[in-house]
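Undergrad: Each chain, letter by letter, is given below.
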Amino acid sequence: MGINMSTLLELREKLKVIYSRNDVYIIPVMKFLLAFFVLNFINGNLGYMSKLDDLPVVLIVALLCSFLPNGCIVFFGALFSILHMYALSMEVALVGLCLYLVISLLFFRFSPRDSLVVLLTPMAFSLGIPYVVPMVMGLLGTPASAVSVGCGIVIYYFLSNVTANAQIISAMEAEEAVAKLQLVLNALINNRAMLVIIVAFAVTIVIVYLVRRLPVDHSWTIAILSGSIVDVILLLVGDLMYDTNVSMVSAIIGTLIAILVAKVVEFFKFCVDYNRTENVQFEDDEYYYYVRAIPKMTVATQSKKVKRINAQRRPSGSRSRRAAETSRQADYRREREKNTRYDMGDEVRAEELYDDVGVDDVEEAPLLDESADSEEYMEYDEFAESNGAAEDEVSREEDDFVDYEEPAEEDPSGYGEESEEGSDSYREKGYEDL
Amino acid sequence: MINEERVVLMTKMQFYEENEGKKNVKIGSYFRSDYISFQILKSVISATIAFLIVFALYLLYDFEEFMQNVYKMDLLDFAKNVLIAYGITVVSYGVISYLVYSYRYSRAKKSLKNYYNHLKKLNSLYDDGQS
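From first to last, the protein sequence lines are chains A and B.
Taken in order, the first sequence gives residues 0 to 433; the numbers are from numbering that gives the first Met the number 0.
Taken in order, the second sequence gives residues 0 to 130; the numbers are from numbering that gives the first Met the number 0.
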């Protein structure tokens, strides 16, 4: 098991390196695949407008989505579903449009980032894995995600009602507009099963979020387990109170699947929160700078190594080791540290937490350490791979890059301890107030 | 001569400006009261539109009944109820957006403070370079 775990971790670190260096290509491809999948899914489930249910159309829209912001996938998803509903009946499309408008007016104003969740929640429901949603959103999102998930659930119930009654609706005469409207809206009004699920999911999201942020070991695992228990209990209570016909067997099986998915998400969480390769340009009075900064990632081969580093941290000898570093390195590490403070609050927390991690947590330790440390110092990767020799390779030419490399033999362990001391002395220099 | 420290600092600041800082710099250019009241105004407008949509759907849903009763019912009373519902919607939504946006404002200011520290540091680095 131990060997397995460390191989997995190494694999993950490698994936992380690949991902962070190539995200310029990986993210558009992922977005394309997501959009393609989503649109095909909508076409498969609603498909009343045959013009849209067409591979070239889907491909073109998916390609558009690949380089447009995430919100566009949601926009096109909504557009496709409304057009399909329009082909079914104008009244249904009107209700759908109103529903989307109200949701976007009231909720997207606050959390436009979460908009993808509103799209993915109905899909998870249709795919039979609804319980994955609160778990994953609690792990990756904030309590505010509960609102987006709630909106997604409402949309799911609305759309599934439309598909369930599609034949009745299409058989109705044009004069029965109000009846159509009532038929469609009835799914949302007084739908207790929907309300129970919304409440259960919202509570689960908040609980998973709160537990995962607790400063204890294995907080993610505890969060996943407690969230799934709360979810099942709430659904059970809701079923008993309101007779919602939520199948308990499927809820329990679904929750077990959700736990598995959540563990996978935990493994790949770096996709959400990672240091990516950045190309920036700026200028001062003398030069134009074109900088390519590549995050430094070391693959932690053995977890025991981390223990040793931890032990080295405390003795006063660290002072002399640090003195050996050039002031420049110390300086920008400090600033990086400060940077981390406001950029990535969680990383700092992870690092502080790491100090308390016991021996039996070695498996967890490299994760925390890695994520914390790798944020802190940045490597200016040499374009023509010189090893720290060419420090001032800033060219006056416009198309050149500034390249740095930290000395390779540098012990990464020194970085962690900079935090308090370093930022304090920085403050003493009088930079802190405005 | 290129000063490495300066380049590193500027790179970091540029990161910030391009990513997380983009929004914060924008927020930071407002006074607190201006920012929050502007956001609340936007919230009130969107709540009004949302309310109108829901109200229209409600009327359509009960269209026949409403049309039958429209001469019998007390329209004034009906309007009063609608207005009260509207008021509750808008006020509660306004309060929520006040809380959200004042939190966001203070968070952005905090984050910008670090950024300004870097600016100061950068400034002093340039001064050192000249002397």
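To be clear, the hints were calculated from the coordinates, so they are not data collected in a lab.
Hints are supplied without guarantee of correctness; some may be wrong.
Selected chain B positions facing chain A (Cβ under 7 Å, derived; list incomplete) [stated by the list, open to error]:
{"no.": "1", "residue": "MET9"}
{"no.": "2", "residue": "SER32"}
{"no.": "3", "residue": "SER36"}
{"no.": "4", "residue": "ILE48"}
{"no.": "5", "residue": "LEU56"}
{"no.": "6", "residue": "LEU59"}
{"no.": "7", "residue": "TYR60"}
{"no.": "8", "residue": "PHE62"}
{"no.": "9", "residue": "VAL81"}
{"no.": "10", "residue": "ILE83"}
{"no.": "11", "residue": "ALA84"}
{"no.": "12", "residue": "SER101"}
{"no.": "13", "residue": "TYR102"}
Chain B regions said to be covered by chain A (calculated; three or more residues, Cβ under 8 Å) [what the hints assert, rightly or not]:
{"no.": "14", "segment": "0-7"}
{"no.": "15", "segment": "38-46"}
{"no.": "16", "segment": "64-78"}
Built from N, CA and C at the ideal position, the CB exists for glycine as well.
Undergrad: Work down the list of hints and note, for each, if the structure agrees.
TA: For each hint, the structure was consulted:
1. MET9: MET9/B check passes; min Cβ-Cβ to chain A is 5 Å, inside 7 Å.
2. SER32: It is violated, given that the least Cβ distance between SER32/B and chain A is near 20 Å, above 7 Å.
3. SER36: 15 Å, violated
4. ILE48: Cβ of ILE48/B sits 6 Å from chain A, so the hint holds.
5. LEU56: 6 Å, holds
6. LEU59: Holds. Min distance 6 Å.
7. TYR60: 6 Å, holds
8. PHE62: Holds - the Cβ of PHE62/B comes within 7 Å of chain A, reaching about 5 Å at its closest.
9. VAL81: With a minimum Cβ separation of about 17 Å from chain A (threshold 7 Å), the hint on VAL81/B is violated.
10. ILE83: 19 Å, violated
11. ALA84: 15 Å, violated
12. SER101: 13 Å, violated
13. TYR102: For TYR102/B, the interface hint is violated, since the closest Cβ of chain A sits about 11 Å away, which is over 7 Å.
14. 0-7: holds (count 7)
15. 38-46: Coverage by chain A holds for the segment 38-46 of chain B (4 residues, Cβ < 8 Å).
16. 64-78: This one is violated; 0 residues, fewer than the three required, reach chain A with a Cβ under 8 Å.
Hints 2, 3, 9, 10, 11, 12, 13 and 16 from the earlier list are contradicted by this structure; the remaining hints agree with it.
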